[in-house]
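Please arrange chain B on chain A, whose structure you already have, making use of the hints.
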Amino acid sequence: MLFNSFDFLLFFSTVFAFQLVLPHRPRNLFLLAASYFFYACWDWRFTGLMAASTIIDYVCSLAIAKSDDQTVKRQFLTVSIVANLSILGFFKYAGFFVDSWISLAASGGVELSPRTWQIILPVGISFYTFQTMSYTWDVYRGEMQPLRRLSDFALYVAFFPQLVAGPIERGTQLSPQIAAGPRTSWEGVQSGVWMITKGLFKKAVIADNLAPLVATAFDSESPHCAQVLIGVYAFAFQIYGDFSGYTDIARGVGRMMGYKLSLNFRLPYFATSPSEFWKRWHVSLSSFLRDYLYIPLGGNRGGTVKTYRNLLVTMLLGGLWHGAAWTFVIWGLYHGLLLIVYERFARTMSLSDATLRRTYWLRLSVMFHLTCVGWLIFRAESFAQLRSMVAGLVQFQSLSLGDLQGAWKLMLLAGPLLIIQAAKEYTKCLNFVPSLSPLPRLAIYAGCVVAILTFGSFGKQAFIYFQF
Amino acid sequence: MSTPEELPDPIARQVVGAFERRLVGVALVTLPLITGIGFVIAGRYSHVLLFLQSPADWSTLWSRPIAYAGGALAACAIVAWWISTKLSTERYRRVNGLRMVLAVLCMVWLLDAIVDHPRVRFALEESVKARAPQLDFVRNIAFKQQSLREGRTATIEGQPRIVILGSSQINLGIDTAKLQQTTAADDVLEVCMPGMVPLQYLALADRVVGQTPTHVVCWLSEFDFFRESTLPTIRLRWSMDRNNFGDVASTLSTQQQFSQRAELADLAIAGMSTLWQQRSLIQKVGFRFWWAWDAEGVSVTADEVAVGAELVDQQQGLQNVRRNIQRTSLVNANFSAFEQFARQMIRHDVRLIVIEGESHPETMDAYPPEFRTETRERLARMANSIGFEYLSENDRPAFDTDQWRDAVHLNQSGRDRLTAFVCDLILLSPPSDWSTRHPN
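Line by line, the protein sequences give chains A and B.
If you count by the UniProt record's numbering, then the first sequence holds residues 1 to 468, one letter each, in order.
If you count by the UniProt record's numbering, then the second sequence holds residues 1 to 440, one letter each, in order.
Honestly, the hints are just simulated from the structure, not real lab data.
Misleading hints may appear alongside valid ones.
Some but not every residue of chain A turned toward chain B, in silico, with C-beta under 7 angstroms [stated by the list, open to error]:
id: 1; residue: L267
id: 2; residue: H369
id: 3; residue: W408
id: 4; residue: L430
id: 5; residue: A446
Backbone N, C-alpha and C define an ideal beta-carbon position, used for all residues, glycine too.
In isolation and in its complexed conformation, chain A is listed as follows:
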C-alpha cells in the first residue's frame, strides 16, 4: 500500500476518522491493529517477524530497567542487539555473503555450487530493527524509562506512518507521545495536510517523473556524456524527492493524528561539506550511526588515525545498511573518504569566515557534484554498469532531441523546488512556505495541488527506500 495510492487514501481516511473518536487506550490498540494491517498488505507472513522482534525488545528493555546489576543489564542489551542483528543479517545479508564467498572461492580456483535458495527481504526491516535496538540501548543508558504496556511498545515499533521507510524514531522522541496519547488538533491537521501535499508533490511529481530519465541513462548500453550527466543529476533529485517526499507524507500523516515525527532532511543539496551533508541527509540514520556506532567506537577521542578509522567503519556500515551489494559498500566507503579528506583539508587550511563566505557557492557546487558522484555509485546495479556510466562521461556526442527534452524536464521539475529551497536556506527556516504572507502561500499551495493533479504519477512506482 503505497502512500501515493488510492488504497492508502481509503485506509488513512478510515483510520483518521476512527482515531478521532476513540479514547486513549482503545485508540492505541486501534492504531496498532491498523499498523499491522498496513504491514500485512505488503506481506502478511512477516508480521510474525516484526512481532517477534517487538517481544524480544519489550522483554529486554523491561529487564534492563528492572535490574540494578550492570552485568545483567549488559546481558539483556546483548540479547537485544544480537537478536535484531541476526534477524537483519539473515534476511538482508545472508544471500549477499554467501554469493560473495562463492565468488571469492571461484577467484581462488575453488568451484562452489551457486546457491539455489532465495530469501525475501521483509519491507522496512532495516528501519524497525534499528528503531528497536536504539530503544533498548537508550533504556540501558538510562536515558528513558521503557513503555510498560506491550501494546504501546508494539505501536512504537509498528507505527504505520514511519514503519517501512522511517524516520528511525528514537524511543526518547516517540514513546512518550505514544504513552501520553496525543490528540488531533486543528493546527496539526493544517500542517499535516501541507506536509502530505508537499510530500506527494516531491514523490508523485518530481521523483516519479524523473525516474524514466534516470532509467534511460543507467540502462543504456553505451551512454554518452550528456546522457550520463542528465541521468545522474536526475537521480539526485529523484532520490531526494522520493525519500524526503515519503518522510514528508509520514510526518504529515503522523501530525494529523497528533504525533510529531523527527525531521529527516534539512535541504541536503545546500551542504558545503560532507559532514554538513550528513547533518542534512537522512538525519535519523546518520544520527543513529553517530550515537550508536561512531561514538561507541571512540569517535574522535583517540587521535587522528582512530578517528579516521571510526569514520570509515561507520560510513562503510552505513553504506551496507542501504543494501546487500558491493556498490553500497563502495558508496559508504566513498563518503567515509570524503569526510576524512574534508576534515584534513579544513584542519590544514583553517579558512577565515570571510573566505568561507566568498567561496560559499563554489563549495556548495563542489559538494553537490561530489554527492552526485556518490549517487552514481549508489544507483549503479553492478560494477559493469558503473564502469559503463563513468566511461560515458568522456563519450562526447551532439545533443539529441531526447537529451534536450530530458534536460528540459529536469529543469522544469527541479527548478521550482530549488528556488523555494534556496529561500529556505537563506532564511534558515524549514517552515518557510507556511510562514509566507497569504498570497504567495496560496499560489504555492494551489500550484502544488495543480501539479499533483496534472503531472502526478500514482500507485505505480514504489519508494526507493522501501528496498532497504
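Then chain B, alone, in the frame of chain A:
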C-alpha cells in the same frame, strides 16, 4: 554554517516576513521593467512556447491583447503580493486554516474552468499536436477530442451520415473518401484509435450520438473483447464525464468494482476535474518542449501515417496475440459495454452495423478458436435482442493472404474490398431477417 530548522511560528513569520518585504521592495522598484518583460514575453513568445513555431515565423507573431494581458498580470501580481505582505497579524491569521483550504480549492476550480474553455482546450490540443510524434497515443487523443467536441447536424437532409468506430484495423480497412462518394454521404467521421476497446465505445457513446449519425460501422473480433485485465484508464480518462462514468462502472461486477477501485477513482476524478481528465495532454505540453526547432521528431513511414498506428509484422503480430488474447477479467465488462453502446445507438435510431473482424490468416491461427466462437455467439445474441446488424465471417467477404498489409491491417486490395462491401450495406436497406443469418 548553521543548518536550517523548523522555527516556532512567530519567529518563522518574522524571519520570512522580513525576507518577503525585501523581495517585494525589489519587485516594486523594478515594476515597470517586470511589466515590460511580461508584455513582451506574452505578446511575442506565448504562441512560440505553445505551438513551438520556429524563429523564422517570429516576425508574424505579435498579439497585442495577449501582451497587455501578460503585462497587466505581472504588474497586478506584484502589487497584490505587496498588499499581502501589508496584512496585519490578525488579518493574516484569518486567511489561514479552512479559509486557505477553500481558497486553494477555488483556485483549482478556477483553473479547471479555464482549461475547460473551448479556446483553451483548442490551444492545448494544438500544442500537443506540435509536440507529439505522428503515432503518439496522446496526439491521437487530441485529434479525437477536437473532432468530437462539437456536435454536428446534417447539412443535407436524407443523406447518410456515417461514423466509422473502432481500432486501426477498421481505420485502415475503410476508404472514407470512397465511402462518402459512393454512398453520397453527408459526412463520414472516423472515430478510430489504435487498440480501441468496447469500453471506449461506451464512454464515447454520447459523443458519437452528438454527431447525429445515421450509420455506425464497427469491426469487432475476439481481439477486442479478450484483452483487458484492468480498466484502461489512459484510454478512458479523456472521454470521461459525469454521465458516462456510471455507465462504465456498471459494466463491472461488484467484486470487480472493489478490486478496480483505484482505476474507478481515477475515472471518477476525470469526470469531475478537467485538469485530471486532460493530464495526458498537459504532461505532453509541459514535458515536451525543446528549442531545437529543426530537430526531427520520431520518424514514421508513409504507411504508418495512413494506418494511424504502427505496422505490425507477422512475428510481432503473433507475439501480440499470444501475449494479449486471454480470458481476462474484463471480458464480460467489454461485452456489457458494447451492449449498452448498441442499445444507445438503436435508441437514437442509428443503424449500427457490426462486422466480424479478422486478421491475417497466419495471425488468426494463433487465436484460441473458442474465443472466436464465443464472441460470435454473444454478439449474434446481442444483435437479435437489440436489433443491430451483425455480419459474421460468413456474411462478409473473406480476405486472402495477399490482401493483408501486415499481421493485422488490410492492404489496398483488402481495403477496396471491405469499402465496397460497406458501401453496399449502407446503400441497401437493412434486411428484415438479420436474425436468420447469424450462424450458430
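Verification of the hints:
1. L267: With Cβ-Cβ at 6 angstroms, under 7 angstroms, it holds.
2. H369: violated (18 angstroms)
3. W408: holds (5 angstroms)
4. L430: At 5 angstroms from the nearest chain B Cβ, L430(A) passes the 7 angstroms test, so the hint holds.
5. A446: holds (4 angstroms)
The structure is inconsistent with hint 2 alone, although it conforms to all the rest.
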